[in-house]
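Colleague: What follows is the residue order along each chain.
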Amino acid sequence: MTASTDYTAQEIIVVAGSKVLEDNKIVFVGTGLPMVASLLAIRTHAPGLIPVFEAGAVGPPLKCGLPLSVGDSKTFTGASYVKGLNAAFELTQRGFADYGFIGGAEVDMYGNLNSTMIGDFPDGYQKPKVRLPGSGGAADMAASCERTILIVPHDKKKFNAKLAYVTSPGHLDGSPNARFKAGMQGKGPYRVITTKGVFDFEEESKRMRILHTFPGETVDSIKENTGFELLVAPNVSEMAPPTVEEVRLIREEIDPTGAFVKRVAK
Amino acid sequence: MFWTGLTPDEAREALVNKDKSMRDKRMTLKEAVSKFVKDGDNVGIGGFVNVRQPIATIHEMIRQGYKDLTLSWQSAGMGPELLAGAMIARPDHCSIKRIELAYWGHEAYGLSSAWRYLAERNMVEIEDWSNYNMSARFKAGAMGLPFIPSRGPLGGDIKNTSRTKIIDCPFTQRPIALLPASHPNVALIHVQAADMYGNSIIRGSDATCAEIAMAAKHTIITCEQLVSHDLITSAPKDVGIPFPAVDAVVEVPYGAFPGACRRHYYFGGDDIRSFLGLIAPMCKGGSADALKAWFDEYVFGVASFEEYLAKLPLKRLMDARAGESCAIERLA
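Residue numbers (this note's numbering), protein chains in the order written: chain Z, 1 to 266; chain H, 1 to 332.
Hints were generated in silico from the structure; no laboratory data involved. Since the structure is predicted, the reported quantities are computational estimates derived from the model, not experimental observations. Please note: incorrect hints may appear among the correct ones.
To be verified - Below, computed lysine-lysine pairings styled on DSS-like, alpha-carbon distance capped at 25 Å:
1) H:Lys165 with Z:Lys127
2) H:Lys67 with H:Lys97
3) H:Lys67 with Z:Lys181
Unchecked claim - Ranges of calculated distance between the beta carbons of each label pair, as one might list FRET restraints:
4) Z:Glu224 with H:Phe2: 31 to 39 Å
5) H:Ala290 with Z:Pro122: 33 to 41 Å
6) H:Ala290 with Z:Val130: 20 to 28 Å
7) H:Lys315 with Z:Asp220: 16 to 24 Å
8) Z:Gln126 with H:Asp9: 27 to 35 Å
9) H:Ile167 with Z:Gly48: 35 to 43 Å
10) H:Lys315 with Z:Ser221: 47 to 55 Å
11) H:Gly65 with Z:Glu203: 56 to 64 Å
12) H:Met143 with Z:Asp220: 29 to 37 Å
13) Z:Glu224 with H:Thr172: 40 to 48 Å
14) H:Leu331 with Z:Pro122: 51 to 59 Å
15) H:Pro149 with Z:Asp120: 30 to 38 Å
Claimed, not checked - To spell it out: a stretch of chain H is covered by chain Z in this simulated footprint if at least three of its residues, at any positions, have a beta carbon under 8 Å from a beta carbon of chain Z; those stretches are:
16) 9–15
17) 94–106
18) 174–180
19) 184–197
20) 205–218
21) 286–293
22) 325–331
Don't be surprised by glycine CBs; every beta carbon is placed ideally from N, CA and C.
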């Protein structure tokens with residue numbers, strides 16, 4: 001297990017994301033880096049991981065390679081159950097999804113995500129400064145998967161005390177039982193994976209805290225690049241760098257064309 | 001006005017008065033669009049992102065022109081990209097009034113340039129939902145119910161920018177979201193196979209196509225392969241959309257290109273990227289010339305989708321076909 005000395009920020013996100021996934025669990029996989037991380041988990045420590053894609057494929061072996069869409073034909077070949085969007089989200093609402101694996105453009109200290117708009121809200125909703133793609137299935141996964149894993153590139157402007165728009169609800173305002181009171185299901189955000197570290201949520205306050213720093217980062221360097229006050233877990237540790245084999249799997253076997261894992265770190 | 005397509009009562013009435021006979025519904029795309037798509041319609045768009053988008057039907061709509069459309073879908077890519085591109089290039093000829101959606105983008109192929117262009121200039125009314133919200137709204141329409149309960153919009157801002165109503169569930173006393181049904185005036189659906197009556201078979205993701213078709217007043221089906229009624233009914237449980245829900249059937253091979261269609265072709269990534277590249281510079285104030293030239297050459301300058309395909313290098317269509325063969329190996 002030789003440590004790699006040549007890996008990008010996106011590659012360490014993928015490796016950290018894969019390690020959070022447990023073998024033999026059902027994970028509802030969003031588009032992009034979550035797909036790469038899930039494939040890496042299946043190729044390494046979690047061969048029994050069961051991916052579900054919102055367009056309707058349950059448990060495909062993904063032997064044809066990395067899907068470029070959550071509705072990709074590759075997610076249907078060999079799948080155990082093949083339907084459409086209603087069926088996939090109904091499974092989640094019912095409680096079949098242990099994890100939801102989603103991304104967003106902006107996150108706050110309670111793990112609420114924005115993938116809708118940047119600008120004034122509510123006044124500027126119809127004329128946003130920057131219009132983002134929209135929820136897709138992320139809001140549904142956030143409201144109904146048992147736990148969610150979030151991937152957000154670490155940037156002071158993206159880790160904000162106040163989001164322009166809450167697309168995918170996390171721990172809401174952090175008040176006791178906030179999700180249950182709002183009518184949602186599931187325990188909410190479990191881990192956040194960024195380009196600087198891995199984060200969890202303190203049990204009482206539901207506030208984001210540093211759990212692992214990535215090589216080259218410190219608690220202080222991460223705090224400096226975060227737009228809200230981060231808590232620090234009692235036993236913060238540095239995550240080991242990706243192994244040479246993990247980097248090779250990502251580059252040569254899982255995403256050889258760089259569809260989601262860009263070669264140049266952003 | 002609360003309802004943006006048909007009201008539930010109007011949708012019921014439309015179906016009561018419809019000729020539901022099992023008759024030959026084959027026609028040209030030109031006839032189908034001129035007969036079933038009207039200015040001001042709420043148009044339900046089938047497929048999911050760039051999978052089975054009704055691209056051929058959308059080319060024909062652009063050629064014929066449209067005004068004040070409401071577009072409804074869960075996640076879409078090239079379908080609305082083309083409709084919006086036409087509105088940006090030829091506002092006198094094509095216009096969209098309102099969009100009800102969960103996602104507009106192209107996943108691995110990038111963000112939607114047209115979405116940014118229209119939204120950031122306040123050129124369309126927006127109503128954000130999630131994928132399950134939109135799918136459940138079409139399902140409510142298909143079920144003949146005015147609303148459907150869901151947990152999707154609870155907690156976040158979607159409930160604040162949509163017609164969602166949050167109530168306390170009368171049985172559990174916990175909050176639950178109610179979503180209004182969606183009944184589009186017309187559904188545009190591309191499928192793998194159909195017979196001349198409209199019985200349709202979908203492979204891979206069903207997306208929300210059956211629900212949209214069942215909820216809509218009219219449905220235009222385009223198919224890769226028009227097959228006999230005997231073949232379609234040899235596996236009746238494979239029929240995803242039944243004939244009484246269909247008004248027009250048109251055989252259009254490659255009808256979802258440059259999107260993908262399982263068993264037939266994979267994404268035409270270069271074509272998707274190059275079209276996005278025509279609009280992206282316009283978000284920063286660039287000229288519309290390249291976009292106009294594209295529409296002039298590939299849509300207004302041809303009489304049909306087949307003529308558009310004939311203008312593409314054969315290699316690109318062959319590559320898209322080869323891209324799909326790894327996902328579905330089979331004997332000819």
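Colleague: Hint by hint, note whether the structure agrees.
Modeller: Going down the list of hints, with the structure as the test:
{"no.": "1", "hint": "H:Lys165 with Z:Lys127", "result": "holds (24 Å)"}
{"no.": "2", "hint": "H:Lys67 with H:Lys97", "result": "holds (8 Å)"}
{"no.": "3", "hint": "H:Lys67 with Z:Lys181", "result": "violated (44 Å)"}
{"no.": "4", "hint": "Z:Glu224 with H:Phe2: 31 to 39 Å", "result": "violated (49 Å)"}
{"no.": "5", "hint": "H:Ala290 with Z:Pro122: 33 to 41 Å", "result": "holds (36 Å)"}
{"no.": "6", "hint": "H:Ala290 with Z:Val130: 20 to 28 Å", "result": "holds (23 Å)"}
{"no.": "7", "hint": "H:Lys315 with Z:Asp220: 16 to 24 Å", "result": "violated (54 Å)"}
{"no.": "8", "hint": "Z:Gln126 with H:Asp9: 27 to 35 Å", "result": "holds (29 Å)"}
{"no.": "9", "hint": "H:Ile167 with Z:Gly48: 35 to 43 Å", "result": "holds (41 Å)"}
{"no.": "10", "hint": "H:Lys315 with Z:Ser221: 47 to 55 Å", "result": "holds (49 Å)"}
{"no.": "11", "hint": "H:Gly65 with Z:Glu203: 56 to 64 Å", "result": "holds (59 Å)"}
{"no.": "12", "hint": "H:Met143 with Z:Asp220: 29 to 37 Å", "result": "violated (56 Å)"}
{"no.": "13", "hint": "Z:Glu224 with H:Thr172: 40 to 48 Å", "result": "holds (45 Å)"}
{"no.": "14", "hint": "H:Leu331 with Z:Pro122: 51 to 59 Å", "result": "holds (57 Å)"}
{"no.": "15", "hint": "H:Pro149 with Z:Asp120: 30 to 38 Å", "result": "holds (32 Å)"}
{"no.": "16", "hint": "9–15", "result": "violated (count 0)"}
{"no.": "17", "hint": "94–106", "result": "holds (count 5)"}
{"no.": "18", "hint": "174–180", "result": "holds (count 4)"}
{"no.": "19", "hint": "184–197", "result": "violated (count 0)"}
{"no.": "20", "hint": "205–218", "result": "holds (count 7)"}
{"no.": "21", "hint": "286–293", "result": "violated (count 0)"}
{"no.": "22", "hint": "325–331", "result": "holds (count 3)"}
Of the numbered hints given earlier, the model fails hints 3, 4, 7, 12, 16, 19 and 21; all others are met.
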